[in-house]
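Novice: Sequence:
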Amino acid sequence: MINNNNESLGKCALCGKTFTEPKEGEKSSIIDEVIDGTPYKFDTMDCIPMFKRFRSVYGNDFRELLGQQQQFISDPFWNRAIPTEQEIREIDKETGLDKPDILQLIRDPVRIQKIAFEIGMAARDEILIIYSTANAFYRQMKLGTIQSLKEVVEERGVKTRILTPKEPLIEKTIQMLKRQNRNIEVRYSEPGLQTQVTILVVDRKSSLVVELEDDTKESSYEAMGLGAYSNRKATVLSYVSIFESVWKQTELYGQVSELCEQLKVRDKTQTEFINIAAHELRTPIQPIIGLAEILRSRKEIITPPVYDEYLSIIIRNARRLKELTGNILDLARIESQSINLNKEVVDIESVILDALQDIKSQNGDTQKVRLLYDSEKVDTIFVKADKDRITQVISNLLRNAINFTKEGTITITKKKKGEAGSVIITMEDTGTGIDPEILPRLFTKFTKKSDKGTGLGLYISKSIVEAHGGKIWAENNTASKGATFTFSLPLNN
5 MINNNNESLG KCALCGKTFT EPKEGEKSSI IDEVIDGTPY KFDTMDCIPM FKRFRSVYGN
65 DFRELLGQQQ QFISDPFWNR AIPTEQEIRE IDKETGLDKP DILQLIRDPV RIQKIAFEIG
125 MAARDEILII YSTANAFYRQ MKLGTIQSLK EVVEERGVKT RILTPKEPLI EKTIQMLKRQ
185 NRNIEVRYSE PGLQTQVTIL VVDRKSSLVV ELEDDTKESS YEAMGLGAYS NRKATVLSYV
245 SIFESVWKQT ELYGQVSELC EQLKVRDKTQ TEFINIAAHE LRTPIQPIIG LAEILRSRKE
305 IITPPVYDEY LSIIIRNARR LKELTGNILD LARIESQSIN LNKEVVDIES VILDALQDIK
365 SQNGDTQKVR LLYDSEKVDT IFVKADKDRI TQVISNLLRN AINFTKEGTI TITKKKKGEA
425 GSVIITMEDT GTGIDPEILP RLFTKFTKKS DKGTGLGLYI SKSIVEAHGG KIWAENNTAS
485 KGATFTFSLP LNN
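In the numbering used here, the protein residues as written are 5 to 497.
Keep in mind that the hints were calculated from the coordinates and are not lab data. Please note: incorrect hints may appear among the correct ones.
As the list claims (entries may be wrong) - With a straight-line Cα cutoff of 27 Å, these simulated DSS-like cross-link-like pairs (lysine-lysine) come out: (1) K154 <-> K176; (2) K237 <-> K209; (3) K347 <-> K449; (4) K146 <-> K15; (5) K252 <-> K182; (6) K170 <-> K221; (7) K15 <-> K31; (8) K182 <-> K146; (9) K485 <-> K418; (10) K221 <-> K176; (11) K364 <-> K182; (12) K410 <-> K388; (13) K154 <-> K170; (14) K252 <-> K221; (15) K452 <-> K421; (16) K154 <-> K182; (17) K268 <-> K237; (18) K176 <-> K56; (19) K272 <-> K449; (20) K303 <-> K272; (21) K45 <-> K15; (22) K237 <-> K272; (23) K31 <-> K221; (24) K154 <-> K326; (25) K56 <-> K45; (26) K221 <-> K15; (27) K391 <-> K449; (28) K268 <-> K452; (29) K268 <-> K326; (30) K56 <-> K15.
Stated by the list, open to error - Distance ranges between label pairs, derived from CB positions: (31) T413 <-> I332: 28 to 36 Å; (32) L267 <-> A238: 39 to 47 Å; (33) K272 <-> E479: 53 to 61 Å; (34) I298 <-> I332: 24 to 32 Å; (35) G229 <-> T275: 49 to 57 Å; (36) D207 <-> L256: 25 to 33 Å; (37) L267 <-> D383: 48 to 56 Å; (38) D36 <-> L256: 49 to 57 Å; (39) L325 <-> E479: 28 to 36 Å; (40) T220 <-> S242: 26 to 34 Å.
This one's a predicted model, so the numbers in the text were calculated from it and none came from an experiment. The beta-carbon is built from N, C-alpha and C at its ideal position, and this holds for glycine as well.
Use the sequences and the hints to build the structure in full.
Specialist: Below, the structure written as structure tokens:
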């Protein structure tokens with residue numbers, strides 16, 4: 005009699021597949037088998053020897069040992085049991101996987117999953133996996149395959165590489181796996197590199213390729229189509245080649261994507277720089293032209309004090325304009341690697357004092373910032389350097405410190421490091437300090453936090469110091485507020 009309600013007739017003792025009454029005219033697929041006096045139901049003939057083998061290895065109470073009394077082997081077993089090498093060899097004999105030069109086409113999804121488990125658990129050196137879709141990864145994670153993989157890697161130190169589409173839950177799972185074991189390496193495949201097959205290669209000796217039949221299914225058994233297992237060298241190495249090719253292409257995709265992002269940032273920063281530079285150039289030009297015209301048209305009625313004041317404003321803005329155009333020209337020279345240094349032997353103290361004098365003359369005595377020079381009492385320190393360029397570096401660093409120090413002190417020190425080493429020059433201020441957001445890219449082009457300047461001063465300073473064979477760095481003060489900028493130059497011996 006046919007049951008039209010499709011009532012369940014139990015489940016396979018191995019894989020847990022639910023049995024239902026066959027449709028009218030169809031033959032039942034249930035295989036009844038009595039093992040050691042106990043009747044069991046199985047979905048396929050392949051399930052019977054595997055069930056017997058697992059039962060003989062783990063005894064009558066293997067479900068209790070697994071802590072999963074109500075589940076079936078195909079779920080918790082893959083997740084919790086790692087057979088010994090001898091046990092796997094015995095299973096291989098029963099299923100025929102120990103024979104050389106095998107190329108098997110497999111339609112039974114239960115057998116496909118069993119083979120995947122067997123060859124994965126037998127891995128000694130390397131596992132390569134390509135997941136066809138994000139859902140394929142999720143389905144294997146649900147089956148416990150990912151956990152089993154983790155255990156194999158931890159137990160045997162098997163190097164594992166995985167290619168999978170990128171999704172938040174996958175990323176979270178992978179990050180957890182990588183934190184726990186460094187032998188797992190993962191790359192995320194771009195949509196154009198994704199396939200409709202899942203590929204597993206173990207120790208470069210065996211491979212399993214599984215077609216994706218229906219990615220909407222939650223069960224791996226229902227989602228997978230035809231499987232192909234092989235231990236033929238040529239076949240296996242072909243899949244290794246496919247994996248390595250996709251792995252390399254994924255790396256190249258990542259590099260290209262990173263370069264594209266850098267270009268976008270560069271285009272954006274250059275556009276911003278052009279706008280800033282145009283504004284900064286207009287700012288000093290307007291008072292120069294305006295005041296010069298006033299001096300020319302009203303020279304008879306302008307008193308000497310007003311004349312001197314206007315002239316000072318013109319000179320100050322002309323210097324600012326010279327500095328801006330100089331920075332833009334220096335940027336072009338640095339970019340084209342054509343910056344020239346006119347090196348000579350100079351006393352570094354005289355360079356520091358010249359820079360201090362220039363800054364004091366430009367800022368006047370009205371500033372609430374004191375500039376101090378604390379020189380270590382040592383013999384005169386000579387360096388072979390371009391005096392004007394090093395003066396430019398010190399002036400840039402001093403101006404930067406002044407911009408972020410409304411009130412307080414800026415202290416310059418110099419000291420010798422090693423007899424044949426270098427001279428260290430530091431500028432410590434009591435200002436607001438360096439914003440943590442820009443600290444990592446402080447010496448890169450167009451980096452700026454305030455509304456003033458073009459963001460080129462520190463970049464140019466770094467380029468000049470490095471052209472002299474020195475180094476430059478900065479850090480926030482720990483014992484007090486403010487920041488300290490330091491650069492070194494090789495000594496002239």
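Novice: Hint by hint, note whether the structure agrees.
Specialist: Going through the hints against the structure:
Straight-line distance between C-alpha atoms of K154 and K176 comes to about 15 Å, which keeps the hinted pair within the 27 Å bound. A distance of roughly 7 Å separates the Cα atoms of K237 and K209; the hinted pair therefore holds under the 27 Å criterion. Between K347 and K449 the CA atoms are separated by roughly 25 Å; this keeps the pair inside 27 Å, and the hint holds. With a C-alpha separation of about 19 Å, the suggested pairing of K146 with K15 holds against the 27 Å cut-off.
Under the criterion of a C-alpha separation no larger than 27 Å, the hint pairing K252 with K182 is consistent with the structure, at around 20 Å. In summary, the hint linking K170 to K221 is supported, as the alpha carbons are separated by about 19 Å, within the 27 Å threshold. Restraint check: the Cα-Cα separation between K15 and K31 comes to about 17 Å, which is no more than 27 Å; the hinted pair holds. For the hint linking K182 to K146, the alpha-carbon distance of about 19 Å falls within 27 Å, and the restraint holds.
Distance check on the hinted pair: K485 and K418 sit about 21 Å apart at the alpha-carbon level, within 27 Å; holds. Taking the CA atoms of K221 and K176, the gap is about 23 Å. The hint holds against a cut of 27 Å. For a cut-off of 27 Å, the pair hint linking K364 to K182 is broken: about 56 Å separates their Cα positions. A hinted pair counts as satisfied when its Cα atoms are at most 27 Å apart, and K410 with K388 does not qualify at roughly 35 Å.
For the hint pairing K154 with K170, the CA-to-CA distance comes to about 19 Å; that is within 27 Å, so the pair holds. This hinted pair does not check out: K252 and K221 have alpha carbons roughly 31 Å apart, beyond 27 Å. For the proposed pair K452 and K421, the alpha carbon gap of about 31 Å is over 27 Å, so the pair is violated. Taken as a hint, the K154 and K182 pair is honoured in the structure, with Cα atoms around 10 Å apart against an allowance of 27 Å.
A threshold of 27 Å between alpha carbons decides the hint, and for K268 with K237 the separation of about 46 Å lies outside it, so the pair is violated. Of the pairs offered as hints, the one joining K176 and K56 is violated, with about 38 Å between alpha carbons and a cut-off of 27 Å exceeded. For the hint linking K272 to K449, the alpha-carbon distance of about 12 Å falls within 27 Å, and the restraint holds. The suggested pairing of K303 with K272 is violated, with an alpha-carbon distance near 47 Å, which exceeds 27 Å.
Restraint check: the Cα-Cα separation between K45 and K15 comes to about 7 Å, which is no more than 27 Å; the hinted pair holds. The suggested pairing of K237 with K272 is violated, with an alpha-carbon distance near 52 Å, which exceeds 27 Å. Of the pairs offered as hints, the one joining K31 and K221 holds, with about 25 Å between alpha carbons and a cut-off of 27 Å not exceeded. In summary, the hint linking K154 to K326 is not supported, as the alpha carbons are separated by about 64 Å, beyond the 27 Å threshold.
With a CA separation close to 13 Å, the supplied pair K56 and K45 stays within the 27 Å bound. A threshold of 27 Å between alpha carbons decides the hint, and for K221 with K15 the separation of about 19 Å falls inside it, so the pair holds. The suggested pairing of K391 with K449 holds, with an alpha-carbon distance near 24 Å, which does not exceed 27 Å. Proximity of K268 to K452 is assessed by CA-CA distance (about 18 Å); at most 27 Å being required, the pair is judged to hold.
The suggested pairing of K268 with K326 is violated, with an alpha-carbon distance near 31 Å, which exceeds 27 Å. In summary, the hint linking K56 to K15 is supported, as the alpha carbons are separated by about 17 Å, within the 27 Å threshold. In this structure, T413 and I332 meet the distance hint of 28 to 36 Å, their C-beta atoms being roughly 32 Å apart. For L267 and A238, the hinted distance range of 39 to 47 Å is satisfied, since their beta carbons lie about 43 Å from each other.
A C-beta distance of roughly 28 Å is found between K272 and E479, which places it outside the suggested range of 53 to 61 Å. Separation of I298 from I332 is about 29 Å and conforms to the stated range, judged on CB atoms against 24 to 32 Å. Checking the proposed 49 to 57 Å range against G229 and T275 shows it holds: the Cβ atoms sit about 52 Å from each other. Separated by about 27 Å at the C-beta atoms, D207 and L256 satisfy the suggested range of 25 to 33 Å.
A hinted range of 48 to 56 Å holds for the C-beta pair L267 and D383, which are about 51 Å apart. Range check, D36 to L256: Cβ separation about 56 Å, and the 49 to 57 Å hint holds. For L325 paired with E479, a C-beta distance near 33 Å keeps the hint of 28 to 36 Å intact. Between T220 and S242 the C-beta distance comes to about 30 Å, which sits within the given range of 26 to 34 Å.
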